[in-house]
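Working from the sequences, and respecting the hints, build out all of it.
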Amino acid sequence: MNKQVDLKNKRIIASNHVALGTKNKKGQTYSDINDIFYNSEQTPNFLTGSEVIREAVKRASVGTSVAYPITPQSEAAALIGELYAEGYVDEYFRGESEFAVMGQCAGAAFGGHRVMTTTAGPGTLRAMENFPMWAGSRLPIEVVVTCRGINSPLSIQPDTLEMYYLLETGMMVWHAETAQDLYDFILKGFIVAEQPDVHIPIAVCCDGFFVTHTKDTVDLSPVEKCLTPYDPYKAPVPCMDMETVPIRMMRDPFVMKSNYISYATHASWQQEVKAAMERSRKHTIPLLDGLIDEENTDREILIIGSGTAVSQSREAIRLLEEEGVKVGLIKIKTIRPFPTEEIREATKNAKHIFVPEFNVAGWLAREVKAILPNNERVYVGPHVAGGMTMPSEVIVEQIKKHLGMKTVPMVAR
Amino acid sequence: MSHYEVKAGPEAYLPPAAASMGNVLPDPGQAHIGGVIVPEEEAYEFAARKFLEAKVPTIFPGPLVLWKWNEHAAEKAKAIRELANELPMRLIPMADYRPKYPKIDAAVEINPNHPNLTIWHNKIDVCIFVGVHCHQANLALKIIRGGTDCYTMAMCAQAGHEDACLSFRDATPEKIRKLTAAVKKLKSEGVKSQAEEFTQIKMTREGRVT
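As they're listed, the protein sequences go chains A and B.
According to our numbering, the first sequence is numbered sequentially starting from 1.
According to our numbering, the second sequence is numbered sequentially starting from 414.
It should be emphasised that the hints constitute simulated quantities derived from the structure, not laboratory data.
None of these values were measured; they are calculated from a predicted model.
Built from N, CA and C at the ideal position, the CB exists for glycine as well.
Examples of chain A residues toward chain B, derived with CB under 8 Å:
#1 Arg138
#2 Pro196
#3 Asp197
#4 Lys234
#5 Pro236
#6 Val237
#7 Thr244
#8 Ala264
#9 Thr265
#10 Ala267
#11 Ser268
#12 Gln271
#13 Lys274
#14 Ala275
#15 Glu278
Heads up, simulated DSSO-like pairs for lysine-lysine below, C-alpha to C-alpha not over 27 Å straight-line:
#16 A/Lys225 with A/Lys25
#17 B/Lys481 with B/Lys513
#18 B/Lys420 with A/Lys274
#19 B/Lys588 with B/Lys420
#20 B/Lys605 with B/Lys588
#21 B/Lys605 with B/Lys591
#22 A/Lys234 with B/Lys588
#23 B/Lys588 with B/Lys598
#24 A/Lys234 with B/Lys481
#25 B/Lys588 with B/Lys463
#26 A/Lys326 with A/Lys401
#27 A/Lys274 with A/Lys369
#28 B/Lys591 with A/Lys234
#29 A/Lys234 with B/Lys491
#30 B/Lys481 with B/Lys588
And the structure:
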């Protein structure tokens, strides 16, 4: 449940413990986030998604990045290595595995650095134990997840099943549709994640290959301006060492004790991480201009999607319009926190709701069904998986079929 | 959606986090009372009245004000002592966040993992957290609300606490002194403290002195 937050015309408050206007060792000026995004000229560049990750990190005053080479899914980790060589990132090294990488990221974050890394597919699953540990330790680490298939046989093409596994880790999960989203979300993700009342990790996800390997025009903020560094003194927890919880707790018999108090503490701790996620709405809404984007949501037929499923849906809507079928669109930008109230409001007039997804589970449709009244309106699909593309014609076909309209199956054309 | 009122418990076996019920934190210049956002000025008088009405009003100073990390922390500590003396209020420290073995001395300390024990032992009916890290404060505030009838307040140096019955944000020594001034003003208007007689405990590194 979430309350609608009215934050029109509010400025984003980010830590400015390092004086704004001073320069870092690369000559970049520490700048206010509002200045970077809203008062500076954004310059168009033609880049792959991986290059966009590099450009965002270049402006993010990242302290530590740990890499486990995940090429060919994305070149991002290697490109961040180049940034280290150029002096834009303070610390960079290679971990022994994705699991090790995420543990090393935790160490750097405990030490007070701004930390980011990348992962994808099987790597995300291998690293999984660390994500709720990050959240429980209130570490505002950012991981860019360039989604790919997770199961055998392997696929480097996009499949968003790994996002399903991230939903209850306690991390914020944002889903970029385009390379432009990816750039914006990476920089803005640090701002939200590091707010003292939020201070939890964030997974900025995109559909790998489609976004990471293809080129797109992306408006970049000036490279001369960068975020102020992370301020560890604003953390809602003390600097953690062996004498400080949660580490002290883990090495004490406290957690083994079979009593109400220890369980109640643990439960309260989990609630607090969820509460921190809820608080992120207030900071995210003005930065992302809402948790969802709406197009013609007064229509009776709606598509709800996230990631590149939104792009495919836009084309499907255009094709349907040519046949006189009018369809609206809801693009979900944040999967966690989930935009419950926003979707309820936007779908109040809808009679048919379609949720196209790049995964076999249909997790987004389940999320939508779980929060909507009269959820028989929600049609689960269409789905593709394992790296298949989702032609817009397939979405058109499903909608027409559901509405009882005559269709020619795409495979028969 | 309906407003979730944050009030003194005992509320539930496991009460929800107020943020998960839709409560949002105040913006700078604001506070919240029971989950309703109010101008900060309004909260000073409300809090002062709560302190004066209480039988066992208590301040829980945390590590951010118990140790002299910097001059700001020392100044805050002085302001807290002034507030305690004005009412008078008990000072029961939350020196760190480690679980206490074999058991907590509930008369003289409080711990975020089982704060209810200290509330119950001392029959504390109104308390204020100050200088406690936000995560640990929220843990404690929820547990207190769940199992005790104590009215909780927070003087938070960051963004405030939805899980307190009343919360200030962006705490400074000046804000703590404004709270003291609000108490003084009410007393000057004839409002008498209902606090029971007590002896303030004193601790050294070796343990309890009085």
